[in-house]
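K.L.:
Read off the chains here:
Number of protein chains: 2
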Amino acid sequence: METTTQPATPDGAAYAATDRTVPTRARERATYDRAAVHAILDEAYVCHLGFVRDGAPVVLPTLFGRVGERLYVHGSTGSRPLRMAGSARGDERADPGLPVCLTVTHVDGIVLARSAFHHSLNYRSVVVHGIARQVTDPDEKRTALDALVDHVVPGRSADSRPANAKELAATAVLRLDLDEVSAKMRTGGPNDDPEDMDLPYWSGVVPLRKGYDPLVPSPDLAPGIEVPGYLRDL
Amino acid sequence: METTTQPATPDGAAYAATDRTVPTRARERATYDRAAVHAILDEAYVCHLGFVRDGAPVVLPTLFGRVGERLYVHGSTGSRPLRMAGSARGDERADPGLPVCLTVTHVDGIVLARSAFHHSLNYRSVVVHGIARQVTDPDEKRTALDALVDHVVPGRSADSRPANAKELAATAVLRLDLDEVSAKMRTGGPNDDPEDMDLPYWSGVVPLRKGYDPLVPSPDLAPGIEVPGYLRDL
Chain G
208 METTTQPATP DGAAYAATDR TVPTRARERA TYDRAAVHAI LDEAYVCHLG
258 FVRDGAPVVL PTLFGRVGER LYVHGSTGSR PLRMAGSARG DERADPGLPV
308 CLTVTHVDGI VLARSAFHHS LNYRSVVVHG IARQVTDPDE KRTALDALVD
358 HVVPGRSADS RPANAKELAA TAVLRLDLDE VSAKMRTGGP NDDPEDMDLP
408 YWSGVVPLRK GYDPLVPSPD LAPGIEVPGY LRDL
Chain X
208 METTTQPATP DGAAYAATDR TVPTRARERA TYDRAAVHAI LDEAYVCHLG
258 FVRDGAPVVL PTLFGRVGER LYVHGSTGSR PLRMAGSARG DERADPGLPV
308 CLTVTHVDGI VLARSAFHHS LNYRSVVVHG IARQVTDPDE KRTALDALVD
358 HVVPGRSADS RPANAKELAA TAVLRLDLDE VSAKMRTGGP NDDPEDMDLP
408 YWSGVVPLRK GYDPLVPSPD LAPGIEVPGY LRDL
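Top line first, the protein sequences correspond to chains G and X.
Take 208 as the starting number for the first sequence in this note's numbering and just add one per residue.
Take 208 as the starting number for the second sequence in this note's numbering and just add one per residue.
I should point out that these hints are in silico values taken from the structure, not numbers from a laboratory.
Be careful, since some hints might not be right.
A pair counts as met if it fits within one copy or between any two copies, since identical chains are not told apart.
[What the hints assert, rightly or not] In silico EDC-like cross-links for lysine to aspartate or glutamate, where the CA-CA straight-line distance does not exceed 16 Å:
1) Lys373 <-> Glu276
2) Lys373 <-> Asp403
3) Lys373 <-> Asp315
4) Lys373 <-> Asp399
5) Lys417 <-> Asp315
6) Lys373 <-> Glu387
7) Lys373 <-> Asp384
8) Lys417 <-> Asp399
9) Lys417 <-> Asp440
10) Lys417 <-> Asp427
11) Lys417 <-> Glu276
12) Lys373 <-> Asp400
13) Lys373 <-> Glu402
14) Lys373 <-> Asp240
15) Lys373 <-> Asp440
16) Lys373 <-> Asp249
Build out the structure end to end from the sequences listed, making use of the hints.
P.N.:
Quick look at the structure:
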């Protein structure tokens with residue numbers, strides 16, 4: 208397998224829907240638009256990565272990064288999903304890969320309806336199905352690790368000490384191509400039944416706000432180091 | 208199976224660690240304390256529910272509620288995990304249940320280290336392994352649906368129209384007992400290597416803030432309905 212060629216995925220095109228990415232319910236909330244999917248992914252600090260171990264599901268929160276149509280997760284070479292994903296010797300031809308489901312969710316608001324039944328959340332989510340494979344190409348591995356750092360704070364990877372050989376060797380990186388992907392979202396107010404509209408219950412939306420509290424510098428920060436611009440712009 | 212008796216789980220005791228709940232890495236971040244687990248669960252708006260479908264993992268975000276040592280998720284009787292969890296006829300003796308992993312994560316801060324390698328997030332997460340089973344007892348189902356609403360806005364279930372017979376029939380509820388459970392958390396600043404301490408990179412923590420924006424009342428709210436106290440107290 209060629210690991211350094213970017214898959215051909217024309218910008219602006221939509222992902223093809225599959226049996227797994229068409230929801231059984233609320234299909235009108237689903238979208239396969241690439242730009243919408245990328246935006247939801249890029250805004251998230253963590254994903255929830257699901258895999259199967261001994262026949263049972265495991266869901267773990269983890270950092271991730273995106274480079275075009277590829278997602279990357281990383282971990283110690285000793286961690287379970289990384290060990291399960293393939294040969295530790297990096298023989299990619301023998302790597303069957305690890306079937307995963309990678310999900311990202313933003314909760315944007317609480318939807319309070321007159322009826323308990325119609326209570327809901329406003330949210331945006333992305334679900335990615337696919338086979339995660341260990342990255343063995345050293346250049347791709349470095350690119351992936353930079354993307355993981357820049358995913359959380361854009362611009363940060365260039366303003367920190369890059370991984371050295373020992374750290375690179377201790378870190379395993381998995382790649383998951385964006386291929387079988389869907390987004391789902393809900394916006395707006397409650398959808399109460401017509402006969403409930405005059406009930407004496409407050410209804411509406413509680414929007415959730417996300418932001419940052421003041422920076423907490425390391426107490427042992429070397430003198431003269433100012434807060435970098437990419438943090439002031441957060 | 209008796210569905211209405213609460214399992215005997217002494218308050219304050221810890222969950223027993225199992226092979227699945229002892230992390231392979233960073234074991235010092237794990238805790239099995241019931242109160243700590245409950246607090247992390249109760250603060251979350253959604254969980255990520257993992258199950259296995261056709262041998263592959265599926266991870267979906269969903270609302271949940273907690274009643275003591277039981278978690279509840281709900282969905283349309285037509286949705287995939289609900290259908291997979293058991294007999295639609297509610298014959299619980301014949302219900303093999305659905306192996307699930309239910310995970311909740313809060314991201315509390317971005318940890319910026321001098322080295323790319325030591326970048327991290329401060330977080331609190333809970334992972335629950337177990338078998339989800341359909342709730343067939345009508346009283347337990349009502350209790351579960353109230354808990355789902357009150358989980359998001361405490362006090363709300365008593366201030367909305369309860370589910371009617373048709374809504375109850377259209378809603379399936381799954382129960383997952385808190386038995387095989389662990390929490391994991393990271394707090395504090397970056398853990399840079401001693402030889403990196405004088406590097407000219409800003410390091411520290413960017414704390415994430417969560418809050419609410421002003422309420423958005425439904426435009427068709429009946430006149431004279433004031434904002435309830437449980438929303439003013441959010």
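K.L.:
Each hint should be assessed against the structure and marked as holding or not.
P.N.:
Hint by hint, here is what the structure shows:
1. Taking the closest pair of Cα atoms, Lys373 and Glu276 never come within 16 Å of each other, the shortest separation being 28 Å inside a single copy and 44 Å across copies.
2. In this assembly of identical chains, the alpha carbons of Lys373 and Asp403 lie at most 16 Å apart only when taken from different copies (15 Å versus 64 Å within one copy).
3. For a Cα distance limit of 16 Å, the shortest separation of Lys373 from Asp315 qualifies neither inside one copy, at 41 Å, nor across copies, at 29 Å.
4. Taking the shortest Cα distances, Lys373 and Asp399 sit within 16 Å of each other only across copies (15 Å), while inside one copy they are farther apart (58 Å).
5. In this assembly of identical chains, Lys417 and Asp315 lie within 16 Å of each other by CA distance both inside one copy and across copies; the values are 9 Å within and 11 Å between.
6. In the homo-oligomer, the alpha carbons of Lys373 and Glu387 never lie at most 16 Å apart, since the shortest distance is 35 Å inside one protomer and 36 Å across protomers.
7. Proximity of Lys373 to Asp384 under the C-alpha cut-off of 16 Å is found in neither arrangement, the shortest distances being 27 Å within a copy and 43 Å between copies.
8. Neither within a single protomer nor between protomers do Lys417 and Asp399 lie at most 16 Å apart by alpha-carbon distance, with minima of 28 Å and 28 Å respectively.
9. Taking identical chains as interchangeable, the C-alpha atoms of Lys417 and Asp440 lie at most 16 Å apart only when both belong to the same chain, with a minimum of 15 Å there against 18 Å between chains.
10. For the identical chains of this complex, Lys417 and Asp427 are neighbours neither inside a copy (29 Å) nor across copies (28 Å), given an alpha-carbon limit of 16 Å.
11. Proximity of Lys417 and Glu276 under a CA criterion of 16 Å is satisfied in neither setting, with 27 Å inside one chain copy and 30 Å between copies.
12. For the identical chains of this complex, Lys373 and Asp400 are inter-copy neighbours only, at 13 Å across copies versus 61 Å inside a copy, given an alpha-carbon limit of 16 Å.
13. Proximity of Lys373 and Glu402 under a CA criterion of 16 Å is satisfied inter-copy only: 14 Å between copies versus 66 Å inside one chain copy.
14. With identical chains, the CA atoms of Lys373 and Asp240 are never at most 16 Å apart, being 40 Å at best within one copy and 36 Å at best between copies.
15. In this homomeric assembly, Lys373 and Asp440 never come within 16 Å of each other (Cα to Cα): the closest approach is 33 Å inside a single copy and 51 Å across copies.
16. For a Cα distance limit of 16 Å, the shortest separation of Lys373 from Asp249 qualifies neither inside one copy, at 29 Å, nor across copies, at 40 Å.
Hints 1, 3, 6, 7, 8, 10, 11, 14, 15, 16, counting from the list given before, are not met by this structure.
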